[in-house]
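Here is how the chains run, residue by residue.
Protein chains: 2
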Amino acid sequence: MRTATKVLIIAPAILLGWVALSQTAKAPQLGPEYTSDGQLRLSTNYREWVYLSSGFDMSYNPAMQMDHHMFDNVFVNPEAWRVFVASGAWPDKTMFVLEVRGAESRGSINQKGNFQGAAVMGLEVHVKDQAHFGGKWAFFGFPGRDVTAKMIPLSENCYSCHSDHGAVDTTFVQFYPTLMPIAKEKGTLEAAYQKEAANR
Amino acid sequence: MRTATKVLIIAPAILLGWVALSQTAKAPQLGPEYTSDGQLRLSTNYREWVYLSSGFDMSYNPAMQMDHHMFDNVFVNPEAWRVFVASGAWPDKTMFVLEVRGAESRGSINQKGNFQGAAVMGLEVHVKDQAHFGGKWAFFGFPGRDVTAKMIPLSENCYSCHSDHGAVDTTFVQFYPTLMPIAKEKGTLEAAYQKEAANR
Numbered sequence: 059m060r061t062a063t064k065v066l067i068i069a070p071a072i073l074l075g076w077v078a079l080s081q082t083a084k085a086p087q088l089g090p091e092y093t094s095d096g097q098l099r100l101s102t103n104y105r106e107w108v109y110l111s112s113g114f115d116m117s118y119n120p121a122m123q124m125d126h127h128m129f130d131n132v133f134v135n136p137e138a139w140r141v142f143v144a145s146g147a148w149p150d151k152t153m154f155v156l157e158v159r160g161a162e163s164r165g166s167i168n169q170k171g172n173f174q175g176a177a178v179m180g181l182e183v184h185v186k187d188q189a190h191f192g193g194k195w196a197f198f199g200f201p202g203r204d205v206t207a208k209m210i211p212l213s214e215n216c217y218s219c220h221s222d223h224g225a226v227d228t229t230f231v232q233f234y235p236t237l238m239p240i241a242k243e244k245g246t247l248e249a250a251y252q253k254e255a256a257n258r
Numbered sequence: 059m060r061t062a063t064k065v066l067i068i069a070p071a072i073l074l075g076w077v078a079l080s081q082t083a084k085a086p087q088l089g090p091e092y093t094s095d096g097q098l099r100l101s102t103n104y105r106e107w108v109y110l111s112s113g114f115d116m117s118y119n120p121a122m123q124m125d126h127h128m129f130d131n132v133f134v135n136p137e138a139w140r141v142f143v144a145s146g147a148w149p150d151k152t153m154f155v156l157e158v159r160g161a162e163s164r165g166s167i168n169q170k171g172n173f174q175g176a177a178v179m180g181l182e183v184h185v186k187d188q189a190h191f192g193g194k195w196a197f198f199g200f201p202g203r204d205v206t207a208k209m210i211p212l213s214e215n216c217y218s219c220h221s222d223h224g225a226v227d228t229t230f231v232q233f234y235p236t237l238m239p240i241a242k243e244k245g246t247l248e249a250a251y252q253k254e255a256a257n258r
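Those sequence lines, one after another, are chains A and B.
Per the working numbering, the first sequence starts with residue 59, numbered consecutively.
Per the working numbering, the second sequence starts with residue 59, numbered consecutively.
Source of the hints: derived by calculation from the structure; they are not laboratory data.
There may be inaccurate statements among the hints.
No distinction is drawn between identical chains; accordingly, a pair holds when it is met within one copy or between any pair of copies.
[Claimed, not checked] BS3-like, lysine-lysine: derived pairs with alpha carbons at most 30 Å apart:
no.: 1; residue 1: LYS208; residue 2: LYS244
no.: 2; residue 1: LYS194; residue 2: LYS151
no.: 3; residue 1: LYS151; residue 2: LYS253
no.: 4; residue 1: LYS194; residue 2: LYS253
no.: 5; residue 1: LYS170; residue 2: LYS242
no.: 6; residue 1: LYS170; residue 2: LYS253
A quick note: this is a predicted structure, and the numbers were derived from the prediction, not measured.
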């Protein structure tokens with residue numbers, strides 16, 4: 059999820075209020091839903107999902123320069139999380155949401171460091187779906203206030219990066235501190251990841 | 059919650075694995091539970107609660123110097139969160155957990171910025187409980203691997219700071235980006251907070 063951020067965020071957009079309004083919706087969806095033309099519908103209740111972790115100004119590019127600080131928050135649907143806790147593996151219908159927020163500094167009593175701002179600057183979804191992608195994973199980016207999105211083409215480098223470096227099943231479990239011990243215990247770390255980690 | 063961090067963390071402690079192990083526990087508690095001598099029992103399933111936000115190196119002290127970076131993550135019990143979304147106010151039995159984690163830098167594909175480490179460096183709980191504190195709030199700190207804690211005395215400055223500066227009912231809703239719009243819409247911001255914000 060993380061590495062896709064730099065590729066997919068074309069124009070930051072203010073989504074203030076949008077998530078809050080959607081939080082009271084009834085009958086939240088339990089798995090990925092699609093439009094008749096195959097676009098993924100955004101799970102607007104994702105802030106009720108299980109939180110995995112946050113990063114601050116993360117980048118795989120050491121030359122990356124930004125004129126502002128950013129947080130990214132990652133959530134996973136609770137059904138998938140429960141399976142991972144029990145098995146160390148992601149089931150069919152797993153969905154991640156990566157939410158990018160601008161970092162604010164001084165405000166209220168805060169004098170140092172950063173807190174998260176109201177503006178959602180980017181939103182991406184990573185879905186595992188047997189019925190739609192043959193059990194493989196697909197990425198979707200939701201710019202602006204979009205609530206449906208076409209699948210990002212397989213030629214984009216988010217796919218190859220996740221495949222080459224994800225600790226478990228193309229996902230960056232190495233950045234999710236409560237899940238990494240489970241993957242180690244259950245023996246589900248990818249061989250390529252273990253080799254990469256051993257060579258550092 | 060945030061300001062209490064600097065007061066309460068006496069000795070960082072590694073809690074690796076402890077949360078993960080507890081995540082599979084059955085019948086999670088729905089409200090605060092206490093020992094026979096009045097200590098609060100830690101809700102070890104708090105990583106399944108609703109995530110509110112994270113900070114990075116936050117401090118109310120501009121002279122604060124640390125030799126490392128820190129994240130703090132805040133969670134609230136889902137029952138209280140649902141009431142807040144509907145009303146902008148916290149019900150009885152609201153519980154917050156503030157989790158402090160060390161920040162790591164280079165690792166795997168990450169070349170810049172920070173991600174959260176496995177070590178939980180501090181854990182604090184803020185509880186609103188009519189039956190125990192007359193409907194007021196109490197703070198509890200859980201150092202090391204403790205799963206019960208005595209109430210922090212009312213003389214500690216976490217109470218006065220939260221009371222003086224919390225945007226809603228002694229809580230720092232001003233740092234929770236999905237809740238602040240709700241408090242504004244519902245008209246539940248404290249007068250003292252609004253005055254302070256207007257004078258900035």
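Against the structure, the hints:
{"no.": "1", "hint": "LYS208 to LYS244", "verdict": "neither (34 Å within a copy, 36 Å between copies)"}
{"no.": "2", "hint": "LYS194 to LYS151", "verdict": "within (10 Å within a copy, 42 Å between copies)"}
{"no.": "3", "hint": "LYS151 to LYS253", "verdict": "within (28 Å within a copy, 48 Å between copies)"}
{"no.": "4", "hint": "LYS194 to LYS253", "verdict": "within (23 Å within a copy, 53 Å between copies)"}
{"no.": "5", "hint": "LYS170 to LYS242", "verdict": "between (36 Å within a copy, 25 Å between copies)"}
{"no.": "6", "hint": "LYS170 to LYS253", "verdict": "between (39 Å within a copy, 22 Å between copies)"}
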